[in-house]
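Asker: Take a look at the letters that make up each chain.
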Amino acid sequence: MMKTLVVLSLLLTAGGALAQGGEGLIECFTAQDAPNDAGGGIDLVWTLSLDAVPPDSIVLERKDGDGGWHSIAALAPLSGRKTDNELENGVEYSYRLVPYYGGIAQEPSAEVSAVPGKQWIHSGRVGMLVILTLICIIIMYFIEQGKRGKELFIRRIAGLTAVEDAVGRATEMGRPVLYIPGIMDMDDIQTIASMVILGRVAARTAEYGSPLVVPTCRSVVMSVAQEVVKASYIQAGRPDAFIKENISYLTDDQFGYAAGVDGIMVRERPAAIFMLGTFYAESLILAETGRSVGAIQIAGTAMPSQIPFFVAACDYTLIGEELFAASAYLSKEPKLLGSLRGQDVAKLFFMVVITLGVIAATVGEAWEPAARVAEFLRTITNVE
Amino acid sequence: MRLAIPLTITFVAGMIMILQFFVPATQSLGESLQEWYMIVASFAIFLGAMNLITVHVHKIRFRAKNWKYSPVTIAGFAAMVLTGLFMGIETGRPFDFMFTTMMVPMGATMFSLLAFFVASAAFRAFRASNWRATLLLASAFIVMLGRVPIGSMIWNRIPLVSEWIMQVPNLAGQRAVMIGAAMGMVATSLRMIFGIERSYLGGTD
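Quick note, the sequences are listed as chains A and B, same order. Numbering-wise (my numbering), the first sequence opens with residue 2 and increments by one. Numbering-wise (my numbering), the second sequence opens with residue 269 and increments by one.
Straight-line alpha carbon distances no greater than 30 Å define the calculated DSBU-like cross-link-like pairs of lysine-lysine that follow:
#  : chain 1 : residue 1 : chain 2 : residue 2
1  : B       : LYS336    : A       : LYS245
2  : A       : LYS151    : A       : LYS333
3  : A       : LYS231    : B       : LYS336
4  : A       : LYS231    : B       : LYS327
5  : B       : LYS333    : A       : LYS231
6  : B       : LYS327    : A       : LYS245
7  : A       : LYS333    : A       : LYS148
8  : A       : LYS64     : A       : LYS119
9  : A       : LYS231    : A       : LYS148
10 : A       : LYS245    : B       : LYS333
11 : A       : LYS64     : A       : LYS83
12 : A       : LYS348    : A       : LYS151
13 : A       : LYS119    : A       : LYS83
14 : A       : LYS348    : A       : LYS333
No wet-lab data here; the hints were simulated from the structure.
All chains should be built: construct the whole structure from the sequences, respecting the hints.
Answerer: Listed below in structure tokens is the structure:
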């Protein structure tokens, strides 16, 4: 008797829902141009009535040019959102939702329309654009100051001061200098910074007459490294000392590369090892092997998780920003030093913003205007 | 002229990549540039392969130091390339067999070495030679203790202290490094886009 009542009750509920159809079931079905895109997208959003039984599925339909409807997606009933992409900009598109119960289509929802278009400013990145422009102005200002010959104080970076000593040591011991530019490709800014430093190190090895060995993990990095080292040797007046085979490609495989470089370290026993660029799990394998062969090691990376390994295993470590400062520091060129100064001032700006944000958020718990300041800072520093 | 063309290409490509981040309407330009890079990088794979062969053939030919390793490298390279090209790379083929039974275990072996290297590096780093090293030792000890069941058995608040060390002082330090590095990236990019840094092109002239 009880079972019969439950079944009857379910049938009645389902029957109510069936009779309701898309019009009553789907509330607030809207279509609008997808924000912050290059065009071709329409965002569709809907909610289901809380009073109705959710359908088994919902089919989203788009109206064709000839006025007929065709299905573009079958969606889970509670998904509530779908973006229709790859549409033609400036053309109006119409949509409707068809709920399905037990494989039977019900009355569709009301029709909604929108026109896709491209946006010229990403609204979620305006704050960052303003901050980036400010930083650029600060850095360019100090570069200009450097060009004009203004004396700029740059703090001593031990790891970079040791570059000369490391190359000198290798020359005295008659052993090569090993330069490892990380395991990423040339589209990584740390690899680019590493190539710039490689040019400076190559100039020193050319001057002192030490062999420079550069094993690479990517073919493009190998090509760039060959050109950079060659240019440095030519500039140092030692083109004859440049050995193309010393700048070689090993493998794209992370641990294959680590094994190859470890082999070079053990066989060649370099007196100085530079590890500058992007490193992952292989960082400690390389640094500990380098240490075991008695080389002076200078490492540098902006990967926060790898810095402790380098600090533990290397003689000198360039931490984060110091990697990017290396080229300017080694060259002593006023305009490059100016950019370093600008970089430091920009960092000071961020320190002020962070401090202000912390104070505003804390005071804001009790005082509304401070909360608004905190919210403003949160908005301009947030990037979508 | 030798510098003008690469500098112009760097400037245009750099500006497009900045622009496409802030102006959605220009995203297709940025995507095209990235596709071009992929095409160039694909061709460079042949350069890499040629370099590998050239270097090792050169070593064998002139009986350079440790030349005996070179035939092994060339044989391994040839075996992988030829079996992959002529017999396919599907499961069960010789290429797949060599990859799963040789390449993968060898990679795993190298990764496993990390455990021993971590131990030796930790032994050096955690020696309580001064107050900072002692602080590091104490922090590491608490963090490690907080991550194993015995930590909470000793005192139920050890996992909380461990989490606090990781989430407050450690995270603050990591974020400081990341902010500094981001500033460095911006400055390096500006120097290259505006042609102030030219050493990678072979000089400052």
